[in-house]
Amino acid sequence: MTIATLLVVVAALALLFLLSIPVSRSLQASASRGLAAQIQPLDVEAFRNLVDPAEDEFLRRRLKPADFRMVRRRRLLAMAVYVRTAGKNAAVLVSIGQAAFANDAQTAEAAHRLVDNALLLRRNAAFALVRIYFALAWPGTGLAAAPVLQGYEQLNGAAMLLGRLQNPAKPVRISATY
Amino acid sequence: MLQAHSLLWHYLWVAPNALLLLLAWLLLRRGGNVRYPFFLAFAIVGALEQLTIYAADVIPSVTPKTWWLIFWAGLVIEGLLKFALIGEIFAHVFESYLSLAKMGKLLIRGLGTFLVFAAAMAAAYAPKDSIFGIVSGAHLLQQTIYLVECGLLFFLFAFSRYFRLTPERQILGIALGLGISACVHLGTWAIVANGGVPTAKRTLFDFLNMSTYHACVLIWFYYLLFPQKVAAQSAVPLPENNLDVWNRELERLVHQ
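These protein sequence lines are chains A and B, in that order.
Following my numbering, the numbering of the first sequence begins with 205 at its first residue and continues without gaps.
Following my numbering, the numbering of the second sequence begins with 3 at its first residue and continues without gaps.
By construction, these hints were calculated from the structure, which means they are not laboratory data.
Hints are not guaranteed to be accurate.
DEER-style ranges, computed between Cβ atoms [to be verified]:
#1 A/Leu223 <-> B/Lys67: 38 to 44 Å
#2 A/Phe338 <-> B/Val137: 22 to 28 Å
#3 A/Gly238 <-> B/Met123: 32 to 38 Å
#4 A/Val285 <-> B/Ser98: 27 to 33 Å
#5 A/Pro226 <-> B/Leu28: 19 to 25 Å
#6 A/Gly238 <-> B/Ser98: 50 to 56 Å
#7 A/Phe338 <-> B/Tyr56: 55 to 61 Å
#8 B/Arg37 <-> A/Phe221: 23 to 29 Å
So these bits of chain A aren't anywhere near chain B, every CB distance computed over 10 Å [to be verified]:
#9 Val214
#10 Ile243
#11 Gln244
#12 Ala341
All C-beta atoms in this analysis are idealised placements derived from N, C-alpha and C, irrespective of residue type, glycine included.
Modelling step: build the complete structure from the supplied sequences, incorporating the hints.
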């Protein structure tokens, strides 16, 4: 009976999750107008500084090992905040892009590019977060967060193109500096 | 009323399958077979299979052993069709996004292998609920199919939710109906296959399964036949010269 109980609990939880989908979908549709406001601009330069291996190397040479690990952990935590925000922004842009699929061919094409880039960024952000948390446990190891930065810059361009096509007077920007 | 061969029992067995055949016919008339061939195959073959089992159940000359053999054959065919349909759903949701398609395929293969292994373990450790191997085997096969189906559909919804992907309305409806049916059937077959219910009470679980399936067929009707309400979008005229606009924007950004 233990297996049966376990399977029944799993099935009940999965059912609840599935039943919540149409509800969340209708809520998402009604909230889609304020999507652009959910985007939090990110300072790409500051992020670039955080992920720069040369900066880490400089700190490693200048600081005592214990101090370096402490500073490195703080930098990693800051990096995690940036990556999480970039991931959230990417998710918002997926919604914005999908809402623009039904437009004319040029806008739809730009929207498709934006969604693809945003999905890639969200995926990279998830992987990067895993690596950051791993590095938090072992601050001495290297970390490759550069693909996230690269993806974010590419995404910014795609978002601005779509924003321009949809509304020439009001582009969507997801970076504080570019 | 909640007894085998009652009027409600006959209705719940026949009506959803008749409706499913009607849905398949309506989709064929609309050209829906091109977009979702496996759903169409599932609707036609699944409904015919269930109606055959029903006919075998009510015809007195069919022996119990023959009935169970028909049930087994139907179960295998239906299981294969369901997995093909899940593959079709995955393809519709993820394959248009290059950045997710490869990772999605990889994850699905891994998860599928894990689920088959988990379902095999669950079946291996389940106590026999009947003295007849053909009966308990069918129950365990049901549990196995629904466990894998439920896991794959849950993953599909969780994955698309994480990435905020909004599947097309029709594909969402197909997946939702299939998922709800799989969850309820998994719960009931897990109880039945593990010997948690006396034989006399099993009819109640049959009623629960049949009612759920009826509801799922209605969900498919709603999502596949009724069009989505399209919110009015204000058409924004495209700028006449994109390059000029872009150059201006870039200059503005550079001098910020």
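Structure-based check of each hint:
1. About 39 Å separates the C-beta atoms of A/Leu223 and B/Lys67, a value consistent with the hinted range of 38 to 44 Å.
2. About 51 Å separates the C-beta atoms of A/Phe338 and B/Val137, a value inconsistent with the hinted range of 22 to 28 Å.
3. A beta carbon spacing of about 47 Å between A/Gly238 and B/Met123 contradicts the range 32 to 38 Å that was offered as a hint.
4. A hinted range of 27 to 33 Å for the beta carbons of A/Val285 and B/Ser98 is consistent with their spacing of about 32 Å.
5. A beta carbon spacing of about 22 Å between A/Pro226 and B/Leu28 agrees with the range 19 to 25 Å that was offered as a hint.
6. Distance hint for A/Gly238 and B/Ser98: a CB-CB separation of about 26 Å, inconsistent with the stated range 50 to 56 Å.
7. Judged by the Cβ atoms, the range 55 to 61 Å given for A/Phe338 and B/Tyr56 holds: they are separated by roughly 56 Å.
8. A C-beta distance of roughly 26 Å is found between B/Arg37 and A/Phe221, which places it inside the suggested range of 23 to 29 Å.
9. Non-interface status of A/Val214 relative to chain B is broken: a Cβ of that chain comes within 10 Å, the nearest being about 8 Å off.
10. Consistency note on A/Ile243: stated as away from chain B, and its beta-carbon is indeed over 10 Å from all of that chain's, at 13 Å minimum.
11. Every Cβ of chain B is farther than 10 Å from the Cβ of A/Gln244; the closest lies at roughly 16 Å, confirming the non-interface assignment.
12. No beta-carbon of chain B is positioned within 10 Å of the beta-carbon of A/Ala341; the least distance is around 24 Å.
Of the numbered hints given earlier, the model fails hints 2, 3, 6 and 9; all others are met.
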